[in-house]
Amino acid sequence: MDWRTAIPNKRKKISAILPRVDIVHDIDESEKICDCGVTIDRIGEGISAKLDIIPAVFRGIRHMCPKYTCKQC
7 MDWRTAIPNK RKKISAILPR VDIVHDIDES EKICDCGVTI DRIGEGISAK
57 LDIIPAVFRG IRHMCPKYTC KQC
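Just so we're aligned: the sequence shown equals residues 7 to 79 in this note's numbering.
In case anyone wonders, no lab produced these hints; they're calculated from the structure.
Source: prediction; values computed, not measured.
Each hint should be verified, as a subset may be incorrect.
Cut-off 30 angstroms, straight-line C-alpha distance, at most; resulting in silico cross-link-like pairs (BS3-like, lysine-lysine) [claimed, not checked]:
1. K56 x K38
2. K18 x K73
3. K56 x K16
4. K77 x K19
5. K18 x K77
6. K16 x K77
7. K38 x K16
8. K38 x K77
DEER-style ranges, computed between Cβ atoms [unchecked claim]:
9. D34 x D58: 48 to 56 angstroms
10. K19 x T45: 20 to 28 angstroms
11. R26 x K73: 27 to 35 angstroms
12. T45 x K16: 18 to 26 angstroms
Think of the CB as a built atom: it goes at the ideal place given N, C-alpha and C, for glycine as much as any other residue.
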């Protein structure tokens, strides 16, 4: 295989039937103020997932990172 040939992503999605644990990694309230003095607004979030295996128990864990922007700047 040529090193320039793209390798398809073989990861499978975590099954929706597994119990989920959501962990939100938010920024501190003091960091939600823009340099211009206006409170920044949440515009979405990035989500990554991993499979957590506990003997005889499977569950999906989602790490959520809210995204913010300043509407004034």
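Comparing the hints with the structure gives:
1. Distance hint between K56 and K38 is fulfilled; the C-alpha atoms sit about 28 angstroms from each other, no more than 30 angstroms.
2. Restraint check for K18 and K73: satisfied, since their Cα atoms lie roughly 26 angstroms apart, inside the 30 angstroms limit.
3. Between K56 and K16 the CA atoms are separated by roughly 14 angstroms; this keeps the pair inside 30 angstroms, and the hint holds.
4. Our distance criterion of 30 angstroms between C-alpha atoms is broken by K77 and K19, whose separation comes to about 35 angstroms.
5. Between K18 and K77 the alpha-carbon distance is near 37 angstroms, which puts this suggested pair outside the 30 angstroms criterion.
6. As the CA atoms of K16 and K77 are separated by approximately 39 angstroms, the hinted pair breaks the 30 angstroms bound.
7. In summary, the hint linking K38 to K16 is not supported, as the alpha carbons are separated by about 38 angstroms, beyond the 30 angstroms threshold.
8. At roughly 12 angstroms between alpha-carbon atoms, K38 and K77 fall within 30 angstroms of each other, so this suggested pair holds.
9. Between D34 and D58 the beta carbons are some 26 angstroms apart, a value that contradicts the proposed interval 48 to 56 angstroms.
10. In this structure the supplied range 20 to 28 angstroms is violated for K19 paired with T45, their Cβ-Cβ distance being about 35 angstroms.
11. Remark: the range hint 27 to 35 angstroms for R26 to K73 is contradicted by a beta-carbon distance near 21 angstroms.
12. Range check, T45 to K16: Cβ separation about 43 angstroms, and the 18 to 26 angstroms hint is violated.
When each numbered hint is compared with the structure, violations occur for hints 4, 5, 6, 7, 9, 10, 11, 12.
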